[in-house]
Amino acid sequence: MNKKMLFYGIVIAQVAFLLLMIAFKQSTLAFGERVLLKPVPVDPTDPFRGDYVTFRYDISTIELSPDQKPDFVVGQRVYVGLKKVAEYWGVAGVSGKPVGDLYLKGTVRSIQQKILYTIREENGSGEYAYSGYDYGGGYPQGQLRDGQKVEFMLSNGQVMYANPCDNGCPSAQGPRPKEAWEPDYRTGTITAVTPGITEMSIDYPINTYFVPKG
20 MNKKMLFYGI VIAQVAFLLL MIAFKQSTLA FGERVLLKPV PVDPTDPFRG
70 DYVTFRYDIS TIELSPDQKP DFVVGQRVYV GLKKVAEYWG VAGVSGKPVG
120 DLYLKGTVRS IQQKILYTIR EENGSGEYAY SGYDYGGGYP QGQLRDGQKV
170 EFMLSNGQVM YANPCDNGCP SAQGPRPKEA WEPDYRTGTI TAVTPGITEM
220 SIDYPINTYF VPKG
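Its first residue numbered 20, the sequence shown is counted upward by one per residue in this note's numbering.
Please keep in mind that the hints were generated in silico from the structure rather than gathered at the bench.
No residue lacks a Cβ here, since even glycine has one placed at the ideal position from N, Cα and C.
Treat the hints with care, as some may be off.
Heads up, simulated DSS-like pairs for lysine-lysine below, C-alpha to C-alpha not over 25 angstroms straight-line [unchecked claim]:
id	residue 1	residue 2
1	Lys116	Lys102
2	Lys124	Lys102
3	Lys57	Lys103
4	Lys57	Lys124
5	Lys57	Lys133
6	Lys116	Lys57
7	Lys102	Lys57
8	Lys133	Lys168
Pair by pair, the computed Cβ-Cβ distance ranges are [said to hold, decoys possible]:
id	residue 1	residue 2	range
9	Thr80	Gln33	37 to 45 angstroms
10	Tyr107	Met40	28 to 36 angstroms
11	Arg164	Arg128	21 to 29 angstroms
Construct the complete structure from the given sequences, taking the supplied hints into account.
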């Protein structure tokens, strides 16, 4: 008799747990605040899925000013306060604890600081602005420093990327005739380094949509 009661007790407890989970979700839908988030489409190409579109949200990337000292780390649970901004809801603040009456829970996906560089071409023919990111993980863009020699690639007058020439500049071969399809690699020196904004990417427990194109 005791074994039967224990068995039925376990079954009832499991069913009750599932019903409580469903009730919690339904109560959120019934009594929670409805917000409209601005979608941010990404239009990549995948070798297996072809052309497609994914949607994240404008609040998935939060900009922090240079004078802010974020105490966040990748993988941390954070709370993003929301406020109404015209048609959509935007970010009111972000904290490691609940902020305000209306917020979303999320997880820090990445933290990167934008760095603004000025590059003077080796022959002195021009200066170029370049924006890189310091991800704090040893990426080349986070290692450039004032006075460092770099090689950079130009496209329509814009610097696409720049790499340090600590071990030589294998791509930049100096002035020579180029075919139209060839990348335009040049060498230069970093003459200014200016810290920019810090961006924090956050994942939320809400859907990211995948939509095949066509």
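Hint-by-hint comparison with the structure:
Restraint check for Lys116 and Lys102: the C-alpha separation of about 17 angstroms stays at or below 25 angstroms, so the hint holds. Taking the CA atoms of Lys124 and Lys102, the gap is near 15 angstroms; set against the 25 angstroms cutoff, the hint holds. For the proposed pair Lys57 and Lys103, the alpha carbon gap of about 11 angstroms is at most 25 angstroms, so the pair holds. With a CA separation close to 17 angstroms, the supplied pair Lys57 and Lys124 stays within the 25 angstroms bound.
The hinted pair formed by Lys57 and Lys133 meets the criterion: a straight-line CA distance of about 23 angstroms does not exceed 25 angstroms. Between Lys116 and Lys57 the alpha-carbon distance is near 24 angstroms, which keeps this suggested pair within the 25 angstroms criterion. Distance hint between Lys102 and Lys57 is fulfilled; the C-alpha atoms sit about 13 angstroms from each other, no more than 25 angstroms. For the hint pairing Lys133 with Lys168, the CA-to-CA distance comes to about 20 angstroms; that is within 25 angstroms, so the pair holds.
Take Thr80 and Gln33: their Cβ atoms lie about 40 angstroms apart, and the range 37 to 45 angstroms holds. The hint said 28 to 36 angstroms for the Cβ distance between Tyr107 and Met40, and at roughly 30 angstroms that hint holds. Hint check: Arg164 to Arg128, Cβ distance near 27 angstroms, so the stated range 21 to 29 angstroms holds.
The structure agrees with every numbered hint stated previously.
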